[in-house]
Each structure stands twice: as C-alpha cells, then as structure tokens.
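If you read the protein sequences in the order shown, they are chains A and B. Every letter in the first sequence is one number past the one before it in the working numbering, and letter 209, counting from 1, is 209. Counting the second sequence from 1 gives a position; the working numbering is that position plus 295.
Treat the hints as calculated values from the structure; they're not laboratory data. These numbers come from a predicted model, not from an experiment. Worth double-checking, as some hints may not be accurate.
[Stated by the list, open to error] Chain B is nowhere near these chain A residues, computed Cβ spacing over 12 Å in every case:
| id | residue |
| --- | --- |
| 1 | F62 |
| 2 | G175 |
| 3 | K227 |
| 4 | L265 |
[Claimed, not checked] Covered stretches of chain B, as calculated for chain A (at least 3 residues, CB under 8 Å):
| id | stretch |
| --- | --- |
| 5 | 358–372 |
| 6 | 396–409 |
Using N, Cα and C, we set each Cβ at its ideal position, and we do this for glycine too.
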Amino acid sequence: MSIDRAAEQQSSGAVEQESGKKIKLSKLRRFILLGIIILFLFQFLKIKVLVGGLTGSLAVWFVNLIDVFAYLENLVASKDFSTVALIAVLPVIGIYLIFGRAFCGWVCPMDFLVEMVDKIRSNRQWAIGNWAKKISPKIGYGIAGVLLVVSALVNIPFFTNYISHLTNFFRMLTGGVFLVLDLPVEPSVLVFSTGGIFILLFLEYLFPRLWCRVLCPLGKIYGLFNKISLLKLKFMEGKCHQCIQCEQLCYMNVKIARHIEKPGLRDANCIYCGRCVEACQTRGKLIKMKFGGRK
Amino acid sequence: MKLSRRDFLKVFIVAGGAVALGSSIYIIFGTTANRGKEQFLPPLPDIDIGGFIRPPGALPEKEFRAKCISCGVCVNVCHVMKYDAIAIVGLKDIKNFGTPYIKDMRDFPCGLCMECPKYCPTGALKKIEKEKVVMGMALIDFSLCFGWNGDVCLSCSKACPLGAYVFDFYHSEWGNQPNINEKCVGCGLCVKYCPLGGSAVKVVTKWKYENIKTSRIDEMNRLLTMSTEDRYNIVYGKNLPEIMARGRIVEREYR
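Chain B with its partners taken away, still in its complex shape:
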C-alpha cells in the first residue's frame, strides 16, 4: 500500500477528527457507566467522597501513588472476575492519572474477591485478609433508608460479604434500623444492592469518615431518641415523598 503524503494527511485528519468527535460526544452525553437508572442525586449529597476509593489492599495513598505503574492488571483481573469495579483515574486529577479506583459503586461494587492484590506486580496492592481491607466506610443516608423510615428492608446487611458483624441494628416502632459500624471495609456491595433508586448508602474514604464521625454519631442518636411525634413529621413530611420519588429497583434487591 503506497499513499502519497496528501493522502496520509487526509487519513490523519480523519482519524484525528473521529477522536475529537468521539470525545466531544462523551463530554456532552456523559459516560456510559451512568445509564439512565441512576438519574438521582447520590445519597448524602453534602458529604464528598474525600479522594479516591482504591482497590482492596492498597497501600496508604502516597506510597500507593509512588508504586503504581498503571499497568492495568487490577482493572483486567477485576474484569475477568466479572466485577468490573475498577476504573482508571482520568485527566481530572493529573497527579493521580492512570491509577486504579472504584468508579461507581452503584453499578459496579467491589466483590472483595481479593484477586487484584494477589496479582499486582508492583506491590502497590498488598495481599491481606478480607476483614483487614481499608477501602472506605459505607454511610447510610438516614433520610433515604427504608429501615429508618418505617420499613424493614435489611438488603444492605444481606448483601454484605463480611456478614452481619459489620451492622448494628436498632429496633423501634419505626422499623428495623441498620447502622454500619467501623468494621466496614468499604467494598460497596450494600451500595449496589440497596433497593432505593440511586441508593441510600454512600462509601467515603476512611480519613473523611474520621472528620465527620462525631456529627454522624450525634445525628444517629438524635434520631433514635426522638419523640414519636417529631419523627412522624420528619418521616411523613419530608423523607417519604423523596423516597417515593426515587422508587424501588427491585431487580437489584433480589439478584
């Protein structure tokens, strides 16, 4: 195949144009991972994740960054294990560009299969036991959770790969209220299997949790000790309409 220089430039321009067009389409329409059913605001919208949720077994952030060579083994191992949780940080954070993180737990949570630390060739992910993983901390949005608003759901505790010892349950006339304690490793399976549209659970990094820990515990105690009348007003006045608007995603709960 022999092409003249002009032809080559044409090919080059067409290829470049295709790349530009494709990228602009994605900038306009967003990524494919947000597919329609997650059109709701994430739970706890005023608490940001506080960094990146790294794959299980990751070293502390600074050492992890220095060791990761962006080879993509973890991403592909995760794909082979059919979890597809790990994505690669894009250009939004140029310092962390190319490193793996869990992108959206509402669609693709980590299954704690612990295959990626086993195969990481650099030692950036360390082989440890499931229970000692420190990916993050799952927080329940008390205003969205079914259990905290007069129902018995417990989907999160059923989905948890570590079993119920991560959960504290409180019983009252307002249902069976779950709370996730500090043994949580942040895999995010509860985020996915929460039947509420848009999920009522959010995973934040551990250091972010340390910052908001006291206020979270205060709020939980406030809700638990609240009088029935006040609680009634909150649940029926504010929370339930929002929950109804979000709807239930039943296929998630019983997958």
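Bound conformation, chain A alone:
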C-alpha cells in the first residue's frame, strides 16, 4: 500500500469516525464452522444429528444430502439415473440457491485450515505465489470438466473418492476417532486422507488460495449459483473512500471496488466471507451482505 493512500485512509478515518458497531462477521463465520463440526462430532456419541461428511450426509434423522459435484460425478461414473441421489441433491441445490457460494467461506473446514496457514506464512510470499495469483479462475471450469470426463472413463467418482478435501477431512476425522475407540479402520485410509489434507496445506503455503480460487471444482460449481442466489453483496449509496482495503483483504481476488458504483456484486469467486464488509472504512454502511432485493 502506498504511503499517500495510507495517509488518506488515516485522515478519512479521523474525519469521518462513523458510528455504528463493528460487524464481526469473521467471528460469526468461525462459530458456524465450529458448530457444524461439533454437530458432525455428535455421530461419534451415537446421536444422529448430522451423520457422514460434507460430501454426503444424513441431516436430522431423515434428510439425505449429497454434494452437487459428487452428484455429477456419481451420475457420469455410473451412467445411471438414481432417484435417491436426486432427492438427496435437491435440498443442497435449494441451499445454494439461497446462499450462493457461502459454503466455501462459512462451512468448508478447509477454509479455516487454509486461514491458519495464511497466518503462519505471515505476509511473506514466494515469488511463485505472486505468479499464481495471476492464474485465471476460469481454468477451474476446465479442470472440473476434465475431472468429470475422467470419472466417466474410469467409472469411479474420481475427485470425490481420491482428492476431495471434504472427503479426506471427514475420513481423517472418522478414522482418527475410530482408531482411538479401537474400531475397525484401515490405517492406510487415515494416512492417505491426512496426507491429502497436508499436501493441500503445503500447496496453500506456496500458492495462497490457489486451491480455493482456481483448482477446487466444488467451489466452481457453487460459484455458478452465485449468479442467481438470493444472498449477494450489496452496495449502498454513500461515499467510497477509495482505500481499496476490501480488495486488499479479499481472499479470492474479487475486484470489489470496481463494482461499487453498481448496486450489487455477483462474482462467481465471492465466498461471502465478509472480510470486505469488515474492512470497509464506512463500517459496513457501504457494503452489505443482503438477501433478495432487486438486482
């Protein structure tokens, strides 16, 4: 950040010390993630609140849920339409029609782990990491397509079985708990899943948010829902100080400041983490996360 911009930021902060409580979206976000993980942990106490993992689960005793990309892979791998899977995927599509890609920022456990790695890295960046920032997220659609083709060719839901961080995370969790409880578990599954997560974290250490922004096909599919979801970033009328803090802090390199003149933001990369809302000098008056409303 250049000096004059920082000075401007300070002065604007001093002059317009705008009232209103600071929105603690990042804390709320972590509470929701923690809550969901705890609900998943109830399954080990033999209580069926949320059973399974985020790839496919059983919620509140009777609702089956299946991840959208996993459903697609299941469909192309088996080349067979199954009503059970369709019934399971519909509520998930409903959730994404409301919340868009908020899953990535609010529910995905990888988001938390990746943020930890970001903190450990402490602003140091590899040159190669900067290069990775320039990779267009649109490549991700190609990768998702290739994964679907691979699944269709080998007749195995390839990504969801071997690579997916969600599958690996919950396999790791289940495997670890079962190992402690002395129940049947293959240690190699545990090692594989833990290794998979660690590889992704190491990737994150080298290339910040490359996985979330470009590679992860789950996020790409959810991003499509961003275009029509009820939840969106809304820009209120007001004076923007042009501090570009929102863009600086955005994980996903969304060009927020460019949208400020427009009423809303519908970028496929936005994960609704709310860091821009928090960072905004106007204390959340200019940028808001809102449901519904006209475009």
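Since the structure of chain A is already known, use the hints to place chain B on it.
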C-alpha cells in the same frame, strides 16, 4: 500468532514425522481391530473371501463402485447403530479405495438392521428386505465345528437373525450337525457368536461360493455317509486336538 518460516518448517517436519511414526507403528503392530484373542488362523484357510463383503443392499460390484462417493454415511450410521461393522477399503486395493466393506466379522459382524441402505445418499446401497440381502455366504469349517465333531452346540443357528430356515440340521451319533444353506445372506453374526477361538465359520462372497459349491456339497455328503470308524479317526486324530488348541470363548456364546 506469528511464526517465522523456519518455525513453520519445524512444525511441518514434526507433524510429518508424527504421521510417519504413527503409520509405521501400525504397519509393525497391525491394526487395533485384531486384538489378541484372534491370534488363530481363520477357518477354511485355503478358501479366500473372493473380493469384498459389501454392506447389505449393495448393488453388483461394478455399479456399486461407480456410485459410491466415499462419503462415509454408512460407516457412521453403522457406528450409531452400535454395530461398527463397516470399514473403508485402504490402499491395498487402489481401485476400490474409499468404498465400504465389512472388515472382520469375527469382531464386528453386520446386524442386518438395514439402516445403511436407508440412508445411503447415492443409491449405491439399495433399500431391500433383510431376506433378499446378498452380502455373501457363510461356510462352516467341518473340521473345526463342535457340532461336526461330537458335540451339540448350535450357537450359529441361535445367533442367526433370519432364524433357523437358513440352517439344515443333520443328526447322527456324531452330534447335531448344522449346515448353512443358500438362503444365507452373509451377515456374519454366526461368525462372531461361534464359541470356538478364531471362529469356525467364514463368510465368502456369493460368486466365490458358486465356484466351490460342488466340492463343498461333496465333502459334506462324504462326512455324513462315512463309517463310524473312519470318522472316529478323523475326529480324535486330527480335529479335536486343533479344536482344543483353539479353546472356547464363552463370553461370545452367551452375550
């Protein structure tokens, strides 16, 4: 919390070392599921299982593989139902990696509660009735079974969730001999509740059973029609010492 890069690498190496150490311990000492009391060879050691025993209601192997997304619902539902039968295939079979199977029926058999097909979100496990499940086929090792060697035990038929219509019984001076017929679905409860140390029952997949069917039936008829003298030599000469060496696990029988 701010760490330097060197500190981070240290943490990374320590974590990686811990994982490597843990995994090597398990490779050396085996898995926790084999806990001491199963130090015996499995029954029918020359017949392999012939694939994986899938959870109840599984589609045919190829379709099952294509549909399973390894979400772990069945594993955890089984844990919630307190059976803990289902485990996940490890790296030994890379093609089937991540799919559920019944790991060791001697410790954790399937209880046929039929909850996992009810909740499978992909349709890889299909909702069907208990009696139509095709998990596998239980085979009794005639050289180890108490009933085939001069005793009356019947623990397997008592444990069977489908009742006695799965069993054929033969009576002779050599006791009350059970045989499991083709209505068996392969849940493995008899495997667990066999009082013999290491169990005298083994579950194999259905297609494996089709391959060995004739030889099994021949052997059973041979034993049933054998003269008393020959049978005496087999039972007291070979079978009983082995049975005695394995011992009885009484807590299993009367759980």
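Hints versus structure:
For A/F62, the requirement that its beta carbon stay farther than 12 Å from each beta carbon of chain B is not met, with the minimum near 9 Å. Some Cβ of chain B comes within 12 Å of the Cβ of A/G175; the nearest lies about 8 Å off, and the non-interface call is violated. No beta-carbon of chain B comes within 12 Å of the beta-carbon of A/K227; the shortest separation is about 26 Å. Listed as a non-interface residue, A/L265 keeps its Cβ farther than 12 Å from every Cβ of chain B; the least gap is roughly 32 Å.
Only residues whose C-beta sits within less than 8 Å of a C-beta in chain A count toward coverage, and the stretch 358–372 of chain B has 13 of them, enough to reach three; the restraint holds. Here the stretch 396–409 of chain B counts 4 residues with a CB under 8 Å from a CB of chain A, which clears the bar of 3, and the coverage holds.
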